[in-house]
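If you want the building blocks of each chain, they are given just below.
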Amino acid sequence: MADHDRWPAVREGWRTAAAQGLYAYGLIVRMWVRSTLAYRASFVMMAVGNFAACALDFVAILLMFSQIDALGGFTLPEVAFLYGTSGLSLGLADLLLGSMDRLGRRVRDGTLDVLLLRPAPVFAQVAADRFALRRLGRISQALLVLGWSVTRLDVDWTAGRLLLVVLMTVCGTAIFGAVFTTGAAFQFWAQDAAEVQNSFTYGGNALLQYPPTVFAKDLVRGVTFVVPLAFVNWLPALRLLGRPDPLGLPGWVDFLGPAVAALMCAGAALAWRYGLRGYRSTGS
Amino acid sequence: MWCVAVAAGSFRRYATYRVATAAGVFTNTVFGFIVAYTFVALWAERPHLGGYGQAQALTFVWTAQALLAAAALMGGGGLEELQERIRTGDVAVDLYRPADLQLWWLAADLGRAGMQLIGRGVVPMAVGALVFPLALPGDVLTWGWFLLSVLLGIVVSFGLRYLVALASFWLLDGSGLSMISGLACLFFSGMLLPLRVFPGGFGEVVQLLPWAAILQVPADVLIGVRTGGALLRGLVFQAAWGAALLALGRLVQSAATRRVVVHGG
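Protein chains in written order, with our numbering: chain Z, 9 to 292; chain G, 57 to 321.
Just chain Z, same shape as in the assembly:
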């Protein structure tokens, strides 16, 4: 674990800021985890609830498949693969940055000022604020579904293909993380509008659980070119499943996930800076 003695050794410039941020994030997260585990029964109940909330979504899909064999031309294991990869990415981003949707409340009641006074990056503090360990529920549920689908799919699981699954999870987490951050930056201006970002995070997840063939072409274009959620799982998953992409994009686009994720994170960072700079606190 890092301790204060190591600080002088850290290089100057943005690397210092990043390291400081990570350090502060780690400290605050550990504090919230300890506080959560103090009420162990309550934590178990909330984690199970988080798991069950996500599981019900999948139960609805299972109930659909009790009536049909394929949805939009995709079988149950294929839909489960989409469900698992999207749910895992969202779950990880939600665990790491999901508490940022509380920013609007902090702007409204003025408690954000307290964070500005502390000697740690505001982003790290906001991201770690009320770190919710119960969100492991969603992650474990998505992992279960993903694991089940991997054993059921008719795919030759070479090392390269497994690596692609890991890569798409990392990129997907970064993409959803960028959405959480942009949503939080938006709340500097639209304090009460926390629910808008739900459309893109939880709504995006609900969209990506289903095959792209189900949706109108314009909607698929929107989540490919405007809010590029399609790179979370749709494009790489279609390649793994050996399915054509409904937009007929060239094959190399399937591997653009890391570039798209990096671009979105950069955009989110700019939005966050802009939002924070413009913050004027409450009161007269």
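The set of hints was computed from the structure by calculation and includes no laboratory data.
The structure presented is a predicted model; accordingly, all values stated were derived computationally and were not measured.
Among these hints, one or two may not hold up.
Unchecked claim - Covered by chain G, per the in silico footprint, the following chain Z stretches (three or more residues, Cβ under 8 Å):
| hint | stretch |
| --- | --- |
| 1 | 149 to 161 |
| 2 | 252 to 262 |
Claimed, not checked - Computed spacing ranges between beta-carbons, pair by pair:
| hint | chain 1 | residue 1 | chain 2 | residue 2 | range |
| --- | --- | --- | --- | --- | --- |
| 3 | Z | Ser50 | G | Ile174 | 31 to 39 Å |
| 4 | Z | Tyr47 | G | Leu304 | 28 to 36 Å |
| 5 | G | Ala300 | Z | Gly155 | 41 to 49 Å |
| 6 | Z | Ser50 | G | Gly257 | 34 to 42 Å |
| 7 | G | Arg153 | Z | Gly155 | 25 to 33 Å |
| 8 | G | Ala296 | Z | Pro252 | 50 to 58 Å |
| 9 | G | Gly65 | Z | Val41 | 39 to 47 Å |
| 10 | G | Ala299 | Z | Leu125 | 54 to 62 Å |
| 11 | G | Val261 | Z | Val52 | 42 to 50 Å |
| 12 | Z | Leu255 | G | Leu304 | 51 to 59 Å |
Virtual Cβ for every residue (Gly too), placed ideally from N, Cα, C.
Place chain G on chain Z using the hints.
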């Protein structure tokens, strides 16, 4: 009557959250689109699934989105405030008021629901009707029965949430129970999938539970699969659950207030 004043106050209070309402409308609409497309695919595979045509299934989707906030289909709906007042002990002040606790909160909930039905229901429904072919009724009478059914559904929803809130008298931390109750409502109301699509005997049982009165019955009235005798049976079903839950709430309330002990001086 003070009940009307409480309801009107609650209506006005929720009317002031304009940005939150707009954000909610946006989210309801986005989710409506996503679910609508999956239902189009589902009904393309199995036309007449659960006795719905495709237009009727799509109408169900947008009705569910329109009622989501008003009928508190995901739990909450302002009663978490009562829960908090019980936890902190502020409820003692409420009990001293010359107004019945249950009636007070029912009035407040109806005011909130009225505002959210208009503020968060109309726009998603209109957008849905513009983009998708919906099976909306052309006659005023069916809309009237629908609104009556919605009202009864909100009373049933309130009855359930009020019981959950009162459980805080015994549990102190009611958040776990609220979550379970919210999940149950989400699933058994038909919000995720219409109850008519649930397979076999399970499908028949879920249509008898109180949650069916919150969304499934009003949606069926609007869609036009409940007319004549079936319409009447649906409304009686809703009213019976509403009355039973309110009576149970009253029993629990009197048991709770007998044991209430306010700490401090």
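Outcome of the hint check:
no.	hint	verdict
1	149 to 161	violated (count 0)
2	252 to 262	violated (count 0)
3	Ser50/Z <-> Ile174/G: 31 to 39 Å	holds (37 Å)
4	Tyr47/Z <-> Leu304/G: 28 to 36 Å	holds (30 Å)
5	Ala300/G <-> Gly155/Z: 41 to 49 Å	holds (44 Å)
6	Ser50/Z <-> Gly257/G: 34 to 42 Å	holds (36 Å)
7	Arg153/G <-> Gly155/Z: 25 to 33 Å	violated (55 Å)
8	Ala296/G <-> Pro252/Z: 50 to 58 Å	holds (53 Å)
9	Gly65/G <-> Val41/Z: 39 to 47 Å	holds (41 Å)
10	Ala299/G <-> Leu125/Z: 54 to 62 Å	holds (55 Å)
11	Val261/G <-> Val52/Z: 42 to 50 Å	violated (29 Å)
12	Leu255/Z <-> Leu304/G: 51 to 59 Å	holds (54 Å)
Violated hints, listed in ascending order, are 1, 2, 7, 11; each of the other numbered hints is respected by the structure.
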